[in-house]
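Number of protein chains: 4
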Amino acid sequence: MSESARKIINDPVYGFITIDHPLLFDLLGQPCYQRLRRIHQMALAHLVYPGAVHTRFHHSLGAYHLMCLSLAELKGKGTPIDPPEEVGAKVAILLHDIGHGPFSHALERLLVESVPHETISRLLMESLNRQLDGRLETALRIFSSDYPKKFLHQLVSSQLDVDRMDYLSRDSFYTGVHEGVIGYDRILKMLTVHQGELMVEEKGIYSIEKFLVARRLMHWQVYLHKTVLSAENLLVKIILRARMLLRSGTPLQASPALLFFMGHSVTREDFGANPELLELFCKLDDYDLITAVKAWTDHPDPVLSLLCNWLVNRRLYRTELSFHPFGEERVSQLKKQWSEILGFGENEMEFFVFTGTASNHTYNSEDERILILFKDGQVRDISSLENALINNSLSNPIKKFYICYPK
Amino acid sequence: MSESARKIINDPVYGFITIDHPLLFDLLGQPCYQRLRRIHQMALAHLVYPGAVHTRFHHSLGAYHLMCLSLAELKGKGTPIDPPEEVGAKVAILLHDIGHGPFSHALERLLVESVPHETISRLLMESLNRQLDGRLETALRIFSSDYPKKFLHQLVSSQLDVDRMDYLSRDSFYTGVHEGVIGYDRILKMLTVHQGELMVEEKGIYSIEKFLVARRLMHWQVYLHKTVLSAENLLVKIILRARMLLRSGTPLQASPALLFFMGHSVTREDFGANPELLELFCKLDDYDLITAVKAWTDHPDPVLSLLCNWLVNRRLYRTELSFHPFGEERVSQLKKQWSEILGFGENEMEFFVFTGTASNHTYNSEDERILILFKDGQVRDISSLENALINNSLSNPIKKFYICYPK
Amino acid sequence: MSESARKIINDPVYGFITIDHPLLFDLLGQPCYQRLRRIHQMALAHLVYPGAVHTRFHHSLGAYHLMCLSLAELKGKGTPIDPPEEVGAKVAILLHDIGHGPFSHALERLLVESVPHETISRLLMESLNRQLDGRLETALRIFSSDYPKKFLHQLVSSQLDVDRMDYLSRDSFYTGVHEGVIGYDRILKMLTVHQGELMVEEKGIYSIEKFLVARRLMHWQVYLHKTVLSAENLLVKIILRARMLLRSGTPLQASPALLFFMGHSVTREDFGANPELLELFCKLDDYDLITAVKAWTDHPDPVLSLLCNWLVNRRLYRTELSFHPFGEERVSQLKKQWSEILGFGENEMEFFVFTGTASNHTYNSEDERILILFKDGQVRDISSLENALINNSLSNPIKKFYICYPK
Amino acid sequence: MSESARKIINDPVYGFITIDHPLLFDLLGQPCYQRLRRIHQMALAHLVYPGAVHTRFHHSLGAYHLMCLSLAELKGKGTPIDPPEEVGAKVAILLHDIGHGPFSHALERLLVESVPHETISRLLMESLNRQLDGRLETALRIFSSDYPKKFLHQLVSSQLDVDRMDYLSRDSFYTGVHEGVIGYDRILKMLTVHQGELMVEEKGIYSIEKFLVARRLMHWQVYLHKTVLSAENLLVKIILRARMLLRSGTPLQASPALLFFMGHSVTREDFGANPELLELFCKLDDYDLITAVKAWTDHPDPVLSLLCNWLVNRRLYRTELSFHPFGEERVSQLKKQWSEILGFGENEMEFFVFTGTASNHTYNSEDERILILFKDGQVRDISSLENALINNSLSNPIKKFYICYPK
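Chains as they are written, first to last, in my numbering: chain A, 99 to 505; chain B, 99 to 505; chain C, 99 to 505; chain D, 99 to 505.
Calculated from the structure, these hints are not laboratory results.
All of these numbers come straight from a predicted model, not from anything done at the bench.
Among these hints, one or two may not hold up.
In this list, chains with the same sequence are indistinguishable; a pair is considered to hold if it fits within one copy or across any two.
What the hints assert, rightly or not - Simulated pairs of lysine to aspartate or glutamate, EDC-like, Cα-Cα distance not exceeding 20 Å:
1) Lys301 to Asp283
2) Lys173 to Asp118
3) Lys175 to Glu295
4) Lys473 to Glu418
5) Lys324 to Asp368
6) Lys324 to Glu484
7) Lys105 to Asp118
8) Lys301 to Asp109
9) Lys105 to Glu184
10) Lys175 to Asp118
11) Lys175 to Glu299
12) Lys247 to Glu183
13) Lys105 to Glu418
14) Lys433 to Glu444
15) Lys324 to Glu377
16) Lys247 to Glu184
17) Lys105 to Glu300
18) Lys473 to Glu300
Work the whole structure out from these sequences, hints included.
Below, the structure written as structure tokens:
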């Protein structure tokens with residue numbers, strides 16, 4: 099892509115994605131956006147689904163494409179959206195994920211303990227806005243839900259936003275889990291704006307049901323697959339061990355940016371006070387982590403090197419999932435057993451035997467709802483329909499318990 | 099396809115279908131099987147979904163293909179299935195629909211009032227068995243659920259049979275309703291036999307949920323689409339009117355077979371007593387019906403010719419759907435209004451203004467259930483799981499009411 | 099589809115097709131357009147590729163969809179196209195095939211001996227134009243290449259028109275011959291208008307090569323498949339035999355329209371002089387033919403009934419293909435042999451043993467060429483490039499000879 | 099994947115890949131095989147085609163899957179292949195790429211100057227064979243074309259091997275260049291063994307033409323896309339600059355393995371004499387390179403840091419392609435111009451302005467040919483057929499010249 103007037107980008111999911119506004123070209127060329135090429139969309143899920151190596155860069159482009167289609171559809175139905183709003187919504191979705199760190203959700207709140215990625219995304223957008231003479235003003239307001247036309251923010255972030263539509267489509271495509279495929283094209287054609295809010299036309303009900311069920315399937319079958327949980331927990335334990343060593347003065351080989359964020363607990367205020375921190379954050383990506391893990395396979399600390407060897411060679415924890423918590427005795431017994439086999443003391447066993455929980459809503463009717471607009475003008479929540487598949491029982495979060503221990 | 103040792107047939111849904119047994123070649127060449135080329139799989143749904151013009155012939159081949167895959171999978175898991183059983187199951191599914199008449203379900207119980215198509219399929223199989231020296235014996239027993247290995251019949255006919263898997267896959271493919279796509283390949287890989295019954299392995303739960311939701315979507319969005327209901331009701335009204343005229347002595351142009359079945363009420367016993375009736379039945383297909391309807395556009399009876407003109411030129415009834423029955427007043431009022439416009443008397447208005455019901459189960463837990471085999475040996479019905487999407491409320495049949503009247 | 103402002107139609111090939119102009123709704127509702135639902139796009143190819151049962155109706159809609167995309171693309175690149183021209187081009191492609199008779203190409207010049215289908219399409223458009231108060235004027239001029247912006251006609255009919263792009267895409271989709279798939283989406287994005295003519299941008303060269311090779315493959319592997327040739331020749335022989343009987347006074351059961359066109363040699367002038375002939379022509383479709391063939395399986399003429407039985411039950415001629423003509427001796431010998439087996443005399447053998455030729459161009463550089471527009475402004479024919487795959491030798495028509503005789 | 103009896107792996111390209119032999123599980127678990135997860139299949143092509151981030155690991159699994167299908171097909175046609183041969187062929191293809199270094203072809207002969215990757219693959223297989231008690235003996239002989247059944251080697255490596263079939267299918271899938279899709283399923287069904295050699299049945303001719311044309315398209319449109327050339331040349335220049343600095347004593351931050359291979363010219367003999375070198379080689383992957391490039395963006399050498407910044411932020415050379423060589427004056431003039439802009443001396447300009455060539459055969463009839471087996475027993479090369487698309491002129495390599503300089 100160069101700075102020409104109009105570029106098309108091949109996308110195996112949608113065919114072609116078109117970029118046709120100078121501001122979009124300026125943003126695509128930013129280092130903080132190019133960096134998303136080096137962050138896996140699905141963290142370590144590719145250890146189970148080898149095709150799932152796509153990036154946050156690609157996901158952001160895909161969500162942008164669905165935003166273009168949605169806006170065209172809504173305009174076609176008579177919803178007034180003027181050109182600056184259109185560019186604003188496109189920019190907001192293009193940049194929605196720039197605040198993600200390495201391995202995104204898998205390490206959320208670990209490298210930057212107290213600042214969620216959405217906040218970092220906003221900080222980075224504000225910084226870009228300053229660099230680009232305020233051209234991101236509308237995008238920022240839409241992103242922050244501080245713009246009168248509420249539906250624009252809902253397209254960026256809600257139960258039925260283009261972010262989810264893209265990641266479900268893309269993740270099911272790249273994993274090869276065809277059952278996760280949603281009818282994004284039909285859903286887009288069913289979107290409408292009523293009383294300023296994004297809604298779905300009556301005849302789109304079954305498509306929405308299908309969308310929610312596909313999401314449920316992707317959560318349990320893919321995102322929370324027990325081997326994926328196992329791999330991501332292993333990476334977390336590696337970071338925790340390395341951080342412990344680092345903070346207690348043991349030398350560690352790693353990139354300067356990674357060492358800094360492992361060594362310090364950076365806060366929202368720190369980012370505000372020190373603009374260089376954001377720049378340093380933008381140097382971090384999956385490559386820093388994996389290269390460090392590879393280097394640490396030879397580290398003198400036997401816990402760290404063992405865990406790193408396991409990750410590099412895909413020797414993961416054995417994981418069990420259950421609807422009921424695992425008892426303390428089970429944990430103690432496993433720790434005892436593996437302490438003897440591995441020759442590590444009690445403290446070290448935290449890195450080898452542990453429990454955790456995973457949870458997921460099929461539909462969250464309290465938070466942001468999916469509204470159906472009936473032909474007669476009625477508006478109803480999808481969970482309150484006659485013959486609803488998506489009923490209240492599915493609105494409760496489901497919690498599963500897991501235990502990990504060595505193989 | 100000739101009588102060679104092995105043939106491959108292109109199928110847009112599955113790639114290639116392989117035929118590799120002499121008995122299968124003999125059956126494919128039978129006139130009663132070739133006739134299925136002239137019966138639409140989805141009756142008049144193509145008036146809404148123009149791609150849905152595929153045939154019962156193609157569906158039967160597709161279901162046969164899935165049977166081949168299922169049997170290979172089960173054998174690979176150690177279920178004993180010997181070659182005659184294998185051929186028997188393949189033959190049973192290949193022929194499961196040969197008893198369908200023109201426009202299959204849309205006209206079921208209309209041309210042959212008292213004999214369901216399954217019975218005619220069995221009669222035709224018995225007749226073929228006699229012609230082919232008893233080589234269909236095992237197939238017949240499997241088809242009639244009269245064979246010790248119950249799972250073979252369940253593959254042919256149950257909540258999770260290859261018939262449904264093919265028609266859902268094929269119908270969603272040809273209509274272009276991608277949301278109806280099921281993960282047939284994954285479901286097949288999750289099938290297992292336990293205690294002689296067909297079951298699904300634990301990790302296939304989400305695929306089954308997806309399958310049931312896709313079926314639900316296809317029912318309401320496609321099979322019971324109000325315009326499809328409208329077209330199929332129009333065809334039914336045409337047959338009823340024509341039959342009324344015929345039985346009262348008015349001459350009608352139509353093929354001899356169609357005239358015979360419109361003029362007589364054939365029973366199960368008649369078919370048994372008179373083998374020529376089966377032969378005559380096999381001369382009937384969608385072409386007889388459509389050509390007759392085209393001819394009747396010029397019939398002197400103004401009701402018949404008007405209805406036929408509507409169907410030929412796709413001028414269908416207006417149809418409304420509701421969860422509640424339509425009141426008598428609404429019907430009377432519409433009849434009155436249209437009687438004036440069209441100039442027909444009260445008796446004739448039955449053909450122009452009428453109500454009906456459509457119903458569908460998402461899952462029928464009383465009839466034939468879908469059983470899940472857990473790793474610990476437990477067997478549970480899919481509707482009784484923790485966190486079940488498919489719960490009891492979905493086991494109740496949903497009934498919708500409709501009213502049709504002219505546009 | 100009703101007469102609403104905007105309708106979307108599901109299409110398995112392209113996803114959704116949008117209809118959004120009142121004139122288009124008026125045309126879709128015409129009996130002569132609805133009739134295309136009853137004409138197979140690929141005649142009898144479904145006897146080899148069971149999925150290939152799609153219709154001329156669907157193809158016309160698909161070509162219309164590609165026209166919409168092409169026009170949007172060209173306008174996006176700055177080519178001036180005003181709204182009436184846009185509607186004109188869309189109407190021209192929507193109606194381009196309405197002059198096709200039953201089984202289209204397979205029976206071309208047989209039921210209406212001296213008038214090609216393009217002429218009948220134009221006559222029907224002129225008739226519709228009169229009915230619709232001249233609203234088809236621009237469409238007619240574009241269709242007839244009598245409109246100043248030549249590229250509009252080229253989109254309707256040329257080496258790279260949307261007609262071919264649709265039928266190649268659709269036929270490969272429905273046959274399941276994935277190798278015939280062309281990159282229609284990329285080709286459309288590479289189209290441009292230069293000096294009033296339709297051209298392809300330089301970077302589209304490989305897509306065009308691919309398109310021509312896919313077309314070549316579809317011709318030899320599908321359209322001229324020897325079993326397809328066999329089936330279509332069988333249908334031709336049936337018509338010839340029935341016509342001979344009819345013209346010599348033997349009664350034949352068939353629809354009035356079919357009897358008329360078999361009994362008379364209608365000319366271009368006849369259509370002009372007698373408007374009812376066009377109306378009668380519009381009553382003909384595949385259903386008339388197949389129902390007649392089914393009826394004739396019991397005809398007293400043993401040649402006709404035998405041929406009809408073969409077609410109905412798919413017992414086709416054995417066909418051999420060769421680059422060299424079949425000698426007279428081979429033909430005589432086969433006639434002699436089969437005359438004895440079948441018990442027919444010499445005259446009748448013309449219906450059972452015969453030869454023919456099939457031919458195809460990969461690229462026809464003399465007729466209408468595919469022009470490439472280089473970045474430096476140069477315009478060159480695709481067959482004259484350096485390193486051309488599509489060279490002069492491929493511009494020559496390839497002729498294959500075939501012989502048919504009973505199995 | 100654990101060491102169970104049978105595992106299925108989701109693959110978006112083929113659906114499911116089955117692993118069912120203990121030796122295969124042992125090999126998948128090897129660090130040198132897991133390492134392929136960290137090597138991109140298409141080097142830097144993802145800078146143009148963002149979806150193309152798939153790995154050598156995935157490609158090897160895919161080629162293995164096609165090998166399974168091919169062997170099943172050939173056995174089904176009666177070619178004798180016993181179980182050890184079957185496992186041997188599967189192992190040979192699974193491991194065919196383990197000798198690839200970081201960014202595979204893009205850096206071939208750069209990190210290990212004098213040993214091609216095929217040789218390293220063989221060395222690694224020999225080493226695995228020793229570890230695994232000689233269980234790779236047959237695989238090694240097949241890989242080295244030292245096994246009597248020549249066709250087994252041809253499936254691993256020839257003009258029509260499963261390696262090419264997988265990479266064309268997979269690369270077109272992940273880039274979204276649908277035009278590169280080949281009909282691998284049909285080609286596999288057309289394979290046959292005659293006189294000990296792999297051949298294609300007559301009716302597969304058009305599929306093979308299509309395969310060769312798809313390959314041609316992928317070469318010029320994707321693999322040799324000028325922006326891809328630009329990115330890969332940039333990476334090469336970075337390695338050359340870093341190596342020059344390293345060898346002249348400038349300190350460089352990089353992993354130990356990368357420093358070693360940049361600092362030494364390792365030969366075939368060195369690998370033989372010192373087994374630890376192979377182990378060290380197996381520590382190298384794309385992550386070492388990219389992390390080093392990121393680190394070098396701050397290197398004191400201004401040439402190195404500038405080039406690295408360009409690559410990290412995707413600011414690539416401008417590249418022009420031509421059928422004719424670029425003259426010396428053009429190069430000198432550009433060097434002069436950019437020397438002034440960038441402020442570097444003449445020596446440094448080699449890293450900024452340079453020329454090169456790219457070449458490709460559509461079909462190489464001298465090397466390994468594609469043979470067609472006709473029904474009458476004749477065997478002919480695909481380039482010598484009547485009406486050949488693939489003729490002699492396409493057998494000559496096509497050479498294109500390119501020039502790169504800063505934007």
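Going through the hints against the structure:
1. Lys301 to Asp283: within (14 Å within a copy, 29 Å between copies)
2. Lys173 to Asp118: Answer is both: 18 Å inside a copy and 14 Å across each meet the 20 Å cutoff.
3. Lys175 to Glu295: Only inside one copy: Lys175 and Glu295 sit 14 Å apart there, 35 Å across copies, limit 20 Å.
4. Lys473 to Glu418: between (48 Å within a copy, 12 Å between copies)
5. Lys324 to Asp368: Classified as neither: same-chain Cα gap 37 Å, cross-chain 44 Å, threshold 20 Å.
6. Lys324 to Glu484: between (36 Å within a copy, 18 Å between copies)
7. Lys105 to Asp118: within (7 Å within a copy, 28 Å between copies)
8. Lys301 to Asp109: between (29 Å within a copy, 18 Å between copies)
9. Lys105 to Glu184: For Lys105 and Glu184, the Cα distance is within 20 Å only inside one copy (18 Å; across copies 25 Å).
10. Lys175 to Asp118: Cα proximity of Lys175 and Asp118: across copies only (12 Å, versus 23 Å in one copy).
11. Lys175 to Glu299: Cα proximity of Lys175 and Glu299: one copy only (12 Å, versus 34 Å across).
12. Lys247 to Glu183: Classified as within; 9 Å inside a copy, 37 Å across copies.
13. Lys105 to Glu418: Intra 48 Å, inter 18 Å, cutoff 20 Å: inter-copy only.
14. Lys433 to Glu444: within (8 Å within a copy, 65 Å between copies)
15. Lys324 to Glu377: neither (35 Å within a copy, 32 Å between copies)
16. Lys247 to Glu184: Within one copy, since 12 Å is at most 20 Å while 34 Å is not.
17. Lys105 to Glu300: between (36 Å within a copy, 15 Å between copies)
18. Lys473 to Glu300: Only inside one copy: Lys473 and Glu300 sit 7 Å apart there, 41 Å across copies, limit 20 Å.
When each numbered hint is compared with the structure, violations occur for hints 5 and 15.
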